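*Asks:* Sequence:
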Amino acid sequence: MSGVENVVLEDDKKPVADKTNTIYIMVKSNVDQTEVWFRIRGDAQMSKLMNAYGEAKQLDMQTIRFLYDSTRIIPEHTPDELGIEDGAEIDAFLYQFGAGYGRNHQM
Numbered sequence: 002m003s004g005v006e007n008v009v010l011e012d013d014k015k016p017v018a019d020k021t022n023t024i025y026i027m028v029k030s031n032v033d034q035t036e037v038w039f040r041i042r043g044d045a046q047m048s049k050l051m052n053a054y055g056e057a058k059q060l061d062m063q064t065i066r067f068l069y070d071s072t073r074i075i076p077e078h079t080p081d082e083l084g085i086e087d088g089a090e091i092d093a094f095l096y097q098f099g100a101g102y103g104r105n106h107q108m
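Position in the sequence shown (first residue = 1) + 1 = the numbering used here.
Derived from the structure by calculation, the hints contain no laboratory data.
Treat the numbers as computed from the prediction; the structure is a model and nothing was measured.
Incorrect hints may have been included.
[Claimed, not checked] Derived SDA-like pairs (lysine to any residue); straight-line CA-CA distance at most 20 Å:
1) Lys49 to Asp61
2) Lys29 to Ser71
3) Lys29 to Leu95
4) Lys49 to Arg66
5) Lys49 to Asn22
6) Lys49 to Ile24
7) Lys29 to Lys49
8) Lys58 to Trp38
9) Lys29 to Ala53
10) Lys49 to Leu60
11) Lys58 to Tyr96
12) Lys49 to Asp87
13) Lys29 to Gln59
14) Lys29 to Asp70
15) Lys58 to Asn22
16) Lys49 to Thr72
17) Lys49 to Thr79
18) Lys49 to Glu90
19) Lys58 to Asp92
20) Lys58 to Glu86
21) Lys49 to Gln97
[Stated by the list, open to error] Label pairs and their calculated CB-CB ranges:
22) Gln97 to Ala57: 17 to 27 Å
23) Gln63 to Thr21: 32 to 42 Å
24) Met62 to Ala89: 30 to 40 Å
25) Thr64 to Glu36: 13 to 23 Å
26) Thr35 to Gln97: 12 to 22 Å
27) Ser48 to Gly88: 34 to 44 Å
28) Glu82 to Glu36: 31 to 41 Å
Each residue gets a CB set at the ideal place from its N, CA and C atoms; glycine is no exception.
The whole structure should be built from the sequences, with the hints applied where relevant.
*Replies:* Structure (structure tokens):
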């Protein structure tokens, strides 16, 4: 798999005039270091981008966490609310369950 993919996210029901507020956002995986570029409207919910990323990577959305400037992204957020600008980078992390060794683990 190449390191860069492009995905376009636009709602065809919106008038053409509303599509001028589109930005490009790069989502970078912390697992395989791949980059996926998305085009999304500034007023669209981030859930649209998050779901498209999960589908593109064939991952369950419950296992992915998205961060922008070290702040966790909530699906209801919009790029405008988060201050995300054109060309910004979002980090995608796999959620890790558990903390590893138990308290009583002896080495």
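*Asks:* Taking the earlier hints as the rules, which of them does this structure contradict?
*Replies:* The structure breaks hints 15, 20, 21, 24, 27 and 28; every other hint is satisfied.
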